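K.L.:
From first to last, the protein sequence lines stand for chains E and S.
Under my numbering, the residues of the first sequence are numbered 1 to 109, in order.
Under my numbering, the residues of the second sequence are numbered 1 to 115, in order.
Derived by calculation from the structure, the hints in this document are not laboratory data.
A couple of the hints might just be wrong.
Unchecked claim - Heads up, simulated DSBU-like pairs for lysine-lysine below, C-alpha to C-alpha not over 35 Å straight-line:
#1 K26/E / K69/E
#2 K101/E / K15/S
#3 K78/S / K101/E
Claimed, not checked - Away from chain S, derived, C-beta distances all over 12 Å, residues of chain E:
#4 G40
#5 I108
#6 A109
In this text the structure is predicted, and so the values were computed from the model without any measurement.
Beta carbons are placed, not taken as given, at the ideal position from N, Cα and C, and that holds for glycine.
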Amino acid sequence: SQQGEEDPQALSIQEGENATMNCSYKTSINNLQWYRQNSGRGLVHLILIRSNEREKHSGRLRVTLDTSKKSSSLLITASRAADTASYFCATDSNTPLVFGKGTRLSVIA
Amino acid sequence: EAGVVQSPRYKIIEKKQPVAFWCNPISGHNTLYWYRQNLGQGPELLIRYENEEAVDDSQLPKDRFSAERLKGVDSTLKIQPAELGDSAVYLCASSLDLGRNTEAFFGQGTRLTVV
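Generate coordinates for the entire structure from the input sequences, incorporating the hints supplied.
P.N.:
Right, dumping it as structure tokens:
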């Protein structure tokens with residue numbers, strides 16, 4: 001079963017714009033991670049945010065976590081064509097690394 | 001350092017045939033995961049190992065799927081017999097501990113097509 005649910009399912013933006021993806025989950029978590037998957041490839045870890053953290057940055061990535069709303073957001077600033085991929089959130093609760101269905105991001109040059 | 005290695009990359013078999021996938025995790029990683037990913041969906045956990053012990057296999061269809069992780073290193077996932085609905089990408093991942101507060105590293109996956 002999948003705990004996280006990403007929103008939107010698909011997102012198309014112009015290069016240089018910001019992209020925001022959201023993840024909602026159902027049970028309390030230890031941490032939440034975001035992964036990227038390019039077409040036909042494995043998943044690559046982007047960032048991990050612990051349950052006691054509210055915001056985290058890594059390069060052009062900004063992740064927020066609101067445990068009261070059981071939600072997280074991933075912001076990619078100044079997007080590039082190379083950011084085109086599927087993005088998944090993964091929650092760690094009783095079972096580690098439970099993935100959502102993902103958001104498919106298309107960045108148009 | 002080599003990443004998670006999976007083989008084969010692609011496999012086409014006829015239904016009712018057996019198939020096996022192999023995974024070599026990153027050296028020293030004690031946690032190993034097998035996931036199945038259908039087209040347009042997120043990965044779904046099949047089984048998780050802590051060293052050689054399967055600690056979470058609740059999503060593994062045990063009537064036809066089996067897995068092993070000998071000596072707590074390499075792992076194989078087997079399907080016998082395969083069904084059309086088993087067509088998917090099978091992903092292996094490893095991490096240094098339980099995965100809590102550490103990232104997992106994924107292999108490239110094995111794309112299985114059952115015809």
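K.L.:
Now tell me if each hint is right for this structure.
P.N.:
Hint-by-hint comparison with the structure:
Restraint check for K26/E and K69/E: the C-alpha separation of about 9 Å stays at or below 35 Å, so the hint holds. Taken as a hint, the K101/E and K15/S pair is honoured in the structure, with Cα atoms around 27 Å apart against an allowance of 35 Å. Restraint check for K78/S and K101/E: satisfied, since their Cα atoms lie roughly 25 Å apart, inside the 35 Å limit. A beta-carbon of chain S is positioned within 12 Å of the beta-carbon of G40/E; the least distance is around 8 Å.
The beta carbon of I108/E sits about 20 Å from the closest Cβ of chain S, which is more than 12 Å, so the claim that it is off the interface holds. Remark: the non-interface label on A109/E is consistent with the geometry, its nearest Cβ contact in chain S lying 24 Å away (cut-off 12 Å).
The structure fails to meet hint 4 from the earlier list, while all remaining hints are met.
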